[in-house]
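Residue numbers (the numbering used here), protein chains in the order written: chain A, 1 to 307; chain B, 1 to 307.
Calculated directly from the structure, the hints in this document are not laboratory data. Hints are all accurate, no fakes.
Partner residues aside, some chain B positions facing chain A, computed with beta carbon under 8 Å:
hint : residue
1    : I185
2    : R217
3    : L225
4    : D259
5    : H296
We treat Cβ as the ideally placed atom computed from N, Cα and C, and that holds for glycine.
There are 2 protein chains.
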Amino acid sequence: MSDEKKLPTFIEVVEVGPRDGFQNLQSFIPTPIKIKIIRKMIMSGIKAMELTSFVHPGAIPQMADAAEVVRLIHRDYPDKGFRSIALVPNLFGAKKAHAAGIREVSYVISASEKHNLANINRTHEQSLADLRTIIAELPELEIRLDIATAFGCPFQGPVELDMVKGMIDRGLSLGAKKIILCDTIGVANPTQVLQIVVDVQSSFPGLPLGLHLHDTRGMGLANVLAGLEGGITTFESSVGGLGGCPFAPGAAGNIATEDLVNMVHAMGIKTGIDLEKYMQAVQSVKEEIQTNLSSHMAYAKQYEGIS
Amino acid sequence: MSDEKKLPTFIEVVEVGPRDGFQNLQSFIPTPIKIKIIRKMIMSGIKAMELTSFVHPGAIPQMADAAEVVRLIHRDYPDKGFRSIALVPNLFGAKKAHAAGIREVSYVISASEKHNLANINRTHEQSLADLRTIIAELPELEIRLDIATAFGCPFQGPVELDMVKGMIDRGLSLGAKKIILCDTIGVANPTQVLQIVVDVQSSFPGLPLGLHLHDTRGMGLANVLAGLEGGITTFESSVGGLGGCPFAPGAAGNIATEDLVNMVHAMGIKTGIDLEKYMQAVQSVKEEIQTNLSSHMAYAKQYEGIS
Numbered sequence: 001m002s003d004e005k006k007l008p009t010f011i012e013v014v015e016v017g018p019r020d021g022f023q024n025l026q027s028f029i030p031t032p033i034k035i036k037i038i039r040k041m042i043m044s045g046i047k048a049m050e051l052t053s054f055v056h057p058g059a060i061p062q063m064a065d066a067a068e069v070v071r072l073i074h075r076d077y078p079d080k081g082f083r084s085i086a087l088v089p090n091l092f093g094a095k096k097a098h099a100a101g102i103r104e105v106s107y108v109i110s111a112s113e114k115h116n117l118a119n120i121n122r123t124h125e126q127s128l129a130d131l132r133t134i135i136a137e138l139p140e141l142e143i144r145l146d147i148a149t150a151f152g153c154p155f156q157g158p159v160e161l162d163m164v165k166g167m168i169d170r171g172l173s174l175g176a177k178k179i180i181l182c183d184t185i186g187v188a189n190p191t192q193v194l195q196i197v198v199d200v201q202s203s204f205p206g207l208p209l210g211l212h213l214h215d216t217r218g219m220g221l222a223n224v225l226a227g228l229e230g231g232i233t234t235f236e237s238s239v240g241g242l243g244g245c246p247f248a249p250g251a252a253g254n255i256a257t258e259d260l261v262n263m264v265h266a267m268g269i270k271t272g273i274d275l276e277k278y279m280q281a282v283q284s285v286k287e288e289i290q291t292n293l294s295s296h297m298a299y300a301k302q303y304e305g306i307s
Numbered sequence: 001m002s003d004e005k006k007l008p009t010f011i012e013v014v015e016v017g018p019r020d021g022f023q024n025l026q027s028f029i030p031t032p033i034k035i036k037i038i039r040k041m042i043m044s045g046i047k048a049m050e051l052t053s054f055v056h057p058g059a060i061p062q063m064a065d066a067a068e069v070v071r072l073i074h075r076d077y078p079d080k081g082f083r084s085i086a087l088v089p090n091l092f093g094a095k096k097a098h099a100a101g102i103r104e105v106s107y108v109i110s111a112s113e114k115h116n117l118a119n120i121n122r123t124h125e126q127s128l129a130d131l132r133t134i135i136a137e138l139p140e141l142e143i144r145l146d147i148a149t150a151f152g153c154p155f156q157g158p159v160e161l162d163m164v165k166g167m168i169d170r171g172l173s174l175g176a177k178k179i180i181l182c183d184t185i186g187v188a189n190p191t192q193v194l195q196i197v198v199d200v201q202s203s204f205p206g207l208p209l210g211l212h213l214h215d216t217r218g219m220g221l222a223n224v225l226a227g228l229e230g231g232i233t234t235f236e237s238s239v240g241g242l243g244g245c246p247f248a249p250g251a252a253g254n255i256a257t258e259d260l261v262n263m264v265h266a267m268g269i270k271t272g273i274d275l276e277k278y279m280q281a282v283q284s285v286k287e288e289i290q291t292n293l294s295s296h297m298a299y300a301k302q303y304e305g306i307s
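So here's chain A without its partners, still in its complex pose (with noise of 0.2 Å):
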């Protein structure tokens, strides 16, 4: 954000709390309660949204609803305008969701192997081999590559950016079209953020690219400046936060929806989406789901006159 460098005047929101924030929490939310939050979500001007995950029920209980979650919103909200994204682990998940109408699908694999092996159970060569054959077998569905632990990871600590962009490389030769750097755990700093996604720009020019990022250490925000310094107009995000541990305050996980497009809105940047809207979905959120949220709009008092 400096003087000589301009910022984006328009930034896609990519509303994952449905999958990602919801599939963090233990009790089973009814599905007409998550239709309700996706409903109002859209209607404020979400136009990306990761609608749930096609995952084994036994292993996330809560995306059992999976298939009809998708069949409700997409006979609501038929057209064009709005983009339905699922997350699938593997050729199974990847078939079902297909079949459920999905189009565009987040495959993630780790930048880290440690971290592969403990969240999926699979090597990196096990991983792609897998996004080689659903690609092969579904070339109807569109790919986003998330690549989990780019900024650090749990296991082994710093993650080579080498490591970060062969995985890209590797996800894009196999025909992905999209790359999500993700900060699973929260530990990237503004610095790291735009060294790397100015690093992996210059290497994959052309490349679309987004941001993942969690606010665990207060940094999300801070995160997104940095992004947008370096380009980035692709920002995913959880309404109310929903996606760290819920139960302690301040672990914060996904940066909330509301709280990036409060700042970008103020920044003069644009986004689509009517704020005042989204906040009856963070709303319902705190009514019908917890209320505990690490979201900061959710309890922020407003002001007349400012944004």
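Add chain B to chain A, keeping to what the hints say.
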């Protein structure tokens, strides 16, 4: 934080928890507990701290032990390596602070006259007249002038930069030595922060200028980043993020010192503070005062090899 612009390599962290944080807590914190927390912060490398405020004990009973706090800390840390600061609202408080051995005081005037009236029941002219008297009667006191509501006012909304600069000009001409721009209600955004600090520094070359930021809307550290980009090297922050509304999760007040220090250290900027030792003070705040802090670092899991 553009490629073209160098960030500072060192910042001064001014701890305001014992003043701005404690004064927002209803239950009186026994003096020995205050001293214990202050000592831990000094031991971690904090070199400047608002220890207390000299206000009417009827108005803020929490600060009734102001002189005793100063006495005990000055007894233990008499050398020049540590600077004790106190807030004073008027000449009476300034005299008491001076008598207690304080030589640097924070004096607050709101850029918004409406806020000044609501906060301390004085017009701008009355506040400035008091400042003139304090400086005349107590020339030994170094004045840091806190400009409250510099980024927005709860009563009037946006605050004109000319109002802020006018107040700085008046304060300096009366003899104030440092200016702290305060985002009293946490509405500042990074674009605004950069714009204002660049403008103020250009209007007042060489002015010692600091920022007092709140994290109410999650922009606290993003605003720090903007300040760093604008060349600011003095930041005020509070242990545990104390100072907001302590009972609403997320409704953060001051930026937490541990969040600030963690971020700038990760960015390669020095503070002279040993964060691990500082976290012992945070731990004491959790144990002795309250467990529901707006700090992020107070709850974030730590990983080996990642700062």
